[in-house]
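S.K.: Modelling step: build the complete structure from the supplied sequences, incorporating the hints.
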Amino acid sequence: MVPFGGWDMPVQYAGVKAEHDAVRTRAGMFDVSHMGEFRVTGPDAEAFLQRVTTNDVMKLRPGRAQYNWLPNDAGGLVDDIYVYRIGEQEFLLVVNASNIGKDWAHLQAHAAGLGVQLSDESDQWGLLAVQGPEAAALLQPHLDVDLAAKKKNAYFPARLFGQDVWLARTGYTGEDGFEVFVAAERTEALWDNLLALGLTPAGLGARDTLRLEAGFPLYGHEFADDLHPLASTYTWVVKDKEHVGRAGIQAAPPVKLIGLALERVPVREGYPVLLGGERVGRVTSGSSSPTLGHPIAMALVNADAATADAYEVEVRGKAHPARRVELPFYKR
519 MVPFGGWDMP VQYAGVKAEH DAVRTRAGMF DVSHMGEFRV TGPDAEAFLQ RVTTNDVMKL
579 RPGRAQYNWL PNDAGGLVDD IYVYRIGEQE FLLVVNASNI GKDWAHLQAH AAGLGVQLSD
639 ESDQWGLLAV QGPEAAALLQ PHLDVDLAAK KKNAYFPARL FGQDVWLART GYTGEDGFEV
699 FVAAERTEAL WDNLLALGLT PAGLGARDTL RLEAGFPLYG HEFADDLHPL ASTYTWVVKD
759 KEHVGRAGIQ AAPPVKLIGL ALERVPVREG YPVLLGGERV GRVTSGSSSP TLGHPIAMAL
819 VNADAATADA YEVEVRGKAH PARRVELPFY KR
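Taking my numbering, the leading residue of the sequence shown gets 519, the next gets one more, and so forth.
Careful: at least some of the hints might be erroneous.
Cβ pair distances, simulated, as ranges [said to hold, decoys possible]: (1) His-660 with Ala-828: 20 to 30 Å; (2) Ala-702 with Lys-670: 21 to 31 Å; (3) Gly-523 with Leu-632: 48 to 58 Å; (4) Val-520 with Asp-662: 29 to 39 Å; (5) Val-843 with Thr-753: 10 to 20 Å; (6) Met-576 with Gly-631: 15 to 25 Å; (7) Gln-681 with Gln-635: 39 to 49 Å; (8) Leu-632 with Ala-655: 36 to 46 Å.
In silico EDC-like cross-links for lysine to aspartate or glutamate, where the CA-CA straight-line distance does not exceed 16 Å [said to hold, decoys possible]: (9) Lys-836 with Asp-758; (10) Lys-577 with Asp-758; (11) Lys-620 with Asp-743; (12) Lys-774 with Asp-822; (13) Lys-759 with Asp-621; (14) Lys-670 with Asp-694.
Simulated from the structure, these hints should not be mistaken for laboratory data. All figures in this text were calculated on a predicted structure; none of them were measured in a lab. C-beta: ideal position from N, C-alpha, C; glycine also.
M.R.: Put into structure tokens, the structure is as follows:
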């Protein structure tokens, strides 16, 4: 167990590789109840979220979810979040555990004077992520809804093992799967019911290797308060609209997020990336890839150095060859 976002979290159960492989080939389950949940309601709810996020909330229909960013006034990133639209004037935001307090203060400041109400429901919800190619087949017999009719990013109420829940066809692994919102006091019972289906419990270690293979950013690594979000490959999240971080993002330094593959030596956050012997960037996330069988990394590099085929990563004073690969490293 390790401290993470104010919680004690398991790094692994049976082992990172076994858990990773289970999610890639069958189905695994993560307890991600540490994530924060904010409810946003009121006649100005849509306009408020349109102003404080970079994606286009106005295109989000009830019953749908959207990956989004909260920029700060300077164009850095307060957090990356998911927005779930429940109704015309009601939304649920899921935010990173380590940023709950900061996100709440940021949203409160920008809500002043608007017809919008914010409610921090982080302590009211448990959240279990069931991920993998067999996730739908395992859940379906115990649900009162047809999962085949629910496409990616669907968000809907259901009864699972007789309990009222909300399901989202979302995840952080690069696989099909569902995130199950349940009342906090019923989370343990639901975990036990799901575990009995043969799901493999998985911890933070597998969650990180899975998201890295899928090319998903992690706050504090690829993004931060002082890192402009256009540095990533997720430029589709920044729409051409007015929002609080627009000027700062437009003035962002020209950097690019790239993927690197190495032969033997795993690399970690902060290791220098070299091109022609000169430092052109740094590793933001790195690990051995259980699926691919070799080390991989994401790195922020100067935009004018982002199209080279070969780089080096400096590890304890020694340069190791790395080749650029398109993100994501893995896609089903």
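S.K.: Would you mind marking each hint as holding or not holding in the structure?
M.R.: Against the structure, the hints:
| no. | hint | result |
| --- | --- | --- |
| 1 | His-660 with Ala-828: 20 to 30 Å | violated (50 Å) |
| 2 | Ala-702 with Lys-670: 21 to 31 Å | holds (27 Å) |
| 3 | Gly-523 with Leu-632: 48 to 58 Å | violated (29 Å) |
| 4 | Val-520 with Asp-662: 29 to 39 Å | holds (37 Å) |
| 5 | Val-843 with Thr-753: 10 to 20 Å | holds (19 Å) |
| 6 | Met-576 with Gly-631: 15 to 25 Å | holds (21 Å) |
| 7 | Gln-681 with Gln-635: 39 to 49 Å | violated (27 Å) |
| 8 | Leu-632 with Ala-655: 36 to 46 Å | holds (44 Å) |
| 9 | Lys-836 with Asp-758 | violated (43 Å) |
| 10 | Lys-577 with Asp-758 | holds (13 Å) |
| 11 | Lys-620 with Asp-743 | holds (11 Å) |
| 12 | Lys-774 with Asp-822 | holds (9 Å) |
| 13 | Lys-759 with Asp-621 | violated (21 Å) |
| 14 | Lys-670 with Asp-694 | holds (8 Å) |
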